[in-house]
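Protein chains in written order, with the numbering used here: chain A, 270 to 564; chain S, 26 to 317; chain X, 12 to 281.
What the hints contain is simulated information worked out from the structure, not anything from laboratory work. Keep in mind it's a predicted model, so treat the numbers as computed, not measured. All residues carry an ideal CB built from backbone N, CA and C; glycine is no exception. Some hints here could point you the wrong way.
Stated by the list, open to error - Cβ-to-Cβ under 7 Å is the rule here; a few derived chain A residues that face chain X: (1) S309; (2) R382; (3) I386; (4) W389; (5) K390; (6) T449; (7) V453; (8) Q502; (9) V505; (10) F509; (11) A523; (12) P525; (13) K526; (14) P530.
Stated by the list, open to error - Here are the computed lysine-lysine pairs in the DSS-like style, where the Cα-Cα straight-line distance is at most 25 Å: (15) A:K344 to A:K440; (16) A:K284 to S:K309; (17) A:K284 to A:K344; (18) A:K390 to A:K440; (19) X:K132 to S:K220; (20) A:K353 to A:K440; (21) A:K390 to A:K344; (22) A:K440 to A:K318; (23) X:K132 to A:K526.
Listed below, chain by chain, are the residues.
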Amino acid sequence: MSAFLSIRNLSLVLKGGPRLLRSVSLDVEAGEVRGLVGESGAGKSMIGKAVLGILPRSVEVVEGEIWLDEVDLLKLRPSERRRKIGATAALIPQDPLTALNPSRRVGPQVTDRLVDILGWKRADAQARALELLAEVHIPDPARVMRSYPHELSGGMRQRVLIASAFAAEPKLIVADEPTTALDVTVQKQILHLIARMQARHGTALLFVTHDLGVVSKVCGSLAVLYGGLVVEQSPVRDFFRQPAHAYSRALLAATPKYTDPMAGLNPVPEAVITAVQAEVAQADASWRNGGWRHD
Amino acid sequence: MPSSTPGFAMLDARAMVKRRLGLRLWLSGGWLVVLVVAATFAPWLAPHNPLEQDLFTSRLPPFWMAGAEPGYWLGTDSLGRDVLSRIMYGARIALVVALIAGTATALIGATLGLIAGYFRGWADLVISRLVDIWMAFPPVLFAILLIAVMGPGLVSVIVAIIVIDWTRFARVVRAEAMAQGAMDYVASAQVAGQKRLGTMLTEILPNVLPTIVVLLTLEMGIAVIVEAILSFVNLSISTDFPTWGGMIAEGRTSVHQAWWVLVFPLATLFLTVLSFSQLGEGLKDRFDPVLR
Amino acid sequence: MTDLYTVTDMHLSLADMVNKPLFGSAPRIDILHGLSFSIKRGEVLGIVGGSGSGKSTLGRVLVRLLEPSRGQVLFDGQDITHLNEDALRPLRRRFQMIFQDPMSSLNPRRTVGSIIAAPLKLHGFDRISVRVDQALDHVGLPRSFRTRYPHELSGGQRQRVGIARAIAMEPEFILADEIVSGLDVSSQAQVLKLLADLVADLGLTLAFISHDLSVIRRLCGTVMVLYQGRIVEHRASDALFAAPEAAYTRELLGAIPLPDPDQPWGAQAG
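Given these sequences and hints, build the entire structure.
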């Protein structure tokens, strides 16, 4: 097992429903930034949630392995898994408003993980949090530590969440649409910040987004999902120069660009959808015949 | 899921999950149906006259115990009256109170809540203050006072429940109407030029209806309890007519000699109130199209 | 071309309920600070700005969901600034709105057919059933969708229902408030194309509110950039995108990540 995060043949189902992920395999090397792209319902967030062990109750892993730092998470007992994930990985969530508990001050919410999971002393954690808040360019960190979330702007809250994600020096961070709720000007700052923090700390990053523009700025490589199936994995440069899959090409053509008034004029053609859906059906058919039966 | 047109392809996967079978809907609904049938047809179904006293058959145990007499399924009380028949006749009172008091409370409370929550402004100010003041009175005292003034009886019991409990509906429905009022479909109705009252009835009301239904079934359970309490302390209808509360009060005195006189009406009361609350939740699960 | 809307020195302030004292009235917050502009018949105007720029508030003034505190709004020469709801009702057919979140703007307890038909009934249209079918045809939804409920549809389909409801009224003006921001790129492209076609076919005047300049570039002939309740730039699209004048417009454009790894997207302070 070489890659730092290695997902092998992961299939998830909605209990009593269809597969949400269809035998997904994906490697993320240490220090790499990997984008997960797809439209809503493609399963991109589910991959991140599966890695962090925060799948909704209604979703079940039916097969596959998730190797994180040489350990298959799915073979661990729940308590061991939580400890392993807590010590190795962290999340930058989508909505900075709901990700922070509104009735608690910001400081303890940043230091909690250090104290509870890693067993730091409260004072050390406090010092570390101040240092990190300064590192994410929060002015007057000491005052912010004492504030409540509603006293901070959206951009500030997202900075706090980034600081708290990096607090325990995780080796992997899952960023789930971290800038979707922000204005473009703030988004730019936050993306630059994430990129800078990632480079400085050498953290591997799994970056979930629907925005191809964002991927082109942040990621080194990407995986495109449709209907829970990975249809393409490429380095970012290759992808934007020469997308391999017809669906990827169609997605790119559908993305509007202010530099080109004609871009974004092209809805994904029907033929492309039909073809990619046939691929999904094909994957399901061979999966059912592959010995593992799902009833 | 083969589909041709692009936009129609990815229907929400959640729509494909089968709705959980409404077991609690069936259980609670089933019990209430049994109760309604028993109450409605009590004169034909009840094995005995509930008022008939017979000292030769006093304190007979239920059918499975030694010394039971055939025909007295759940035994008799100290005056020899058939417990099962009395429970069936008692159900008439309980259900009438649940139905009338529950519905009237819902109508009054929900109407005021809807008006306060949607029209806001002065209407809200007046109604909300009224609710606040109303709720500051201790409810049991209020009920007893009311019955003291009106005199005991079925009507007094129903009025007492309405007067005490309309605030519950008003508060919850007001909050729900406010939340719905902030939705864009309400703005959309305004853009379309719909009048305020029309918007309230055609747009808001259907969306608060599930909440009202759940509250209504809860309220029916509460009404059954309140009636039982008032008849327990002898403030409901006259003592000779069987009520569950009255039976519990009588059973209490002879619990060591004849536990069944206490336990059966108590269990019936418990099951009924539980069924009402479960029915509401079950209905909501089953028939709410916007469950997420 | 004549002006459909003429807005002169329009101000709007809202009550600040957060800082309302226990007694007395709440302080006012100014949202819009004296806007003056006009919208020509047949124009497709893009209104762009960050959160808190007042773009949605401005839109809601145009369809008179909000009443300005000062200034004047003329619709087709008629002063609608302070008209009350009764006086507005006959005008309402003529300016319609499509909302951002189709889930919350479609009543979840009504079928698609009844959602589209309701405003038609209010305004006394004839042949309502035919009009509903035509509206569905126009937005490319099958007529069988009349009996569906909003939660049974995908996001793009819901937004088409919102559009169908608006165009069924045969309005002269449509306000579209962030209508594609919740959609995937593929449905977004479909809805934008649909909207462009409808504007051309039906001769509509459209105000399109968005935070996304790329989308606006695709659709709009003129662009108005709002920043903190003021117009910082208002020009023809081609001119604005070729050489943005206001510093804020340049900042906005510079922040957009294009799907192109070679685009210079340098770090900035902060």
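Worksheet entry | Hint check: 7 Å Cβ-Cβ cutoff, I386 (chain A) to chain X | violated, 31 Å
Practice prompt. Measure nothing beyond the straight line between the CA atoms of K284 (chain A) and K309 (chain S); if it is 25 Å or shorter, mark the hint as holding.
Written response: With Cα atoms ~22 Å apart, K284 (chain A) and K309 (chain S) stay inside 25 Å; holds.
Item to complete: Measure nothing beyond the straight line between the CA atoms of K344 (chain A) and K440 (chain A); if it is 25 Å or shorter, mark the hint as holding.
Response: holds, 20 Å
Discussion item. Would the hint on P525 (chain A) be counted as holding, given a Cβ-Cβ threshold of 7 Å to chain X?
Written reply: holds, 4 Å
Discussion item. Hinted pair, alpha-carbon criterion (25 Å max): K390 (chain A), K344 (chain A). Please report holds or violated.
Written reply: With a Cα-Cα distance of about 31 Å, the restraint between K390 (chain A) and K344 (chain A) is violated, given a limit of 25 Å.
Discussion item. Please verify whether K440 (chain A) and K318 (chain A) have alpha carbons no more than 25 Å apart.
Written reply: Cα-Cα ~16 Å, so holds.
Practice prompt. Starting from K284 (chain A), check that the Cα of K344 (chain A) is at most 25 Å away, please.
Written response: holds, 20 Å
Worksheet item: Should the interface hint for K526 (chain A) be scored as holding, given a Cβ-Cβ cut-off of 7 Å against chain X?
Response: holds, 5 Å
Fill in: Restraint satisfaction for T449 (chain A) [CB to CB of chain X, less than 7 Å]
violated, 10 Å
Discussion item. So, as I understand it, the hint says S309 (chain A) touches chain X; can you test that by seeing if any CB pair is closer than 7 Å?
Written reply: holds, 6 Å
Worksheet item: Does the interface hint hold: is P530 (chain A) within less than 7 Å of chain X, judged Cβ to Cβ?
Response: holds, 5 Å
Practice prompt. Mind checking the CB of A523 (chain A) against every CB in chain X and telling me if the closest is under 7 Å?
Written response: holds, 4 Å
Of the numbered hints listed earlier, those contradicted by the structure are 2, 3, 4, 5, 6, 8, 21, 23.
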